[in-house]
Amino acid sequence: VRFTEAKLMPLTRDVEAVGVVEQDQTHREEVTLRVSGYMVKQFRGRIGDPVKVGDPLFSVYSPDFVTAQSEFFLADSFAGGGHALRQAATEKLKNLGLSRQDVEQIRQAGKPSRDIVIRSKINGTILAINSREGAAVSAGQVVYTIGDLSRSFIVARVFQQDIGVLKVGQAALITV
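Numbered by our numbering, the letters in the sequence shown go through residues 5 to 180 in order.
FYI, nobody ran anything at the bench for these hints, they're computed from the structure.
Treat the hints with care, since some could be wrong.
No more than 25 Å apart at the CA atoms, straight line, and that leaves these computed lysine-lysine pairs for PhoX-like [unchecked claim]:
id	residue 1	residue 2
1	K98	K125
2	K56	K98
3	K115	K45
4	K98	K45
5	K125	K56
6	K45	K125
7	K115	K96
8	K98	K115
9	K125	K96
10	K45	K56
Sequences are here, hints too, so could you generate the full structure?
What follows is the structure, encoded as structure tokens:
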């Protein structure tokens, strides 16, 4: 038998749970192509490589890109009434996924480029690579997945009897 003085004190209970670290899905880019072609060169080829906005990821050869560029230069060669054609050819290149800067580089080169460089649109880390140099890539295929890992979550699996103990904003101790 033990005796002690009765005191008012909070009753606490530790809750242990297993969790998984997950990347914030709202800060993720899946790099896809709008045309079919072949991956010619990879500039970033390892999962875990950091990338910044505008960094080259890979270059791709696509007959659709070459044809669209040829139409762009053909429309550029028309004098007088060619403004509408130039604008339509420029829009076609943009609809294929090229940026305004890419279109300007093509214009400055003065001839169609065989390969088009695909660049990162976000700062982050390469999470997945689904194609390699020389492989065929198809329209709509996810070639790279890039995620911003600066914001991640831990999704914990908590037993039902422990849920009532947890509160929003409560501190947690995490062991990895």
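Here's how the hints hold up against the structure:
no., hint, result
1, K98 - K125, "15 Å, holds"
2, K56 - K98, "21 Å, holds"
3, K115 - K45, "21 Å, holds"
4, K98 - K45, "22 Å, holds"
5, K125 - K56, "8 Å, holds"
6, K45 - K125, "18 Å, holds"
7, K115 - K96, "17 Å, holds"
8, K98 - K115, "17 Å, holds"
9, K125 - K96, "20 Å, holds"
10, K45 - K56, "18 Å, holds"
Consistency note: the structure conflicts with none of the earlier hints.
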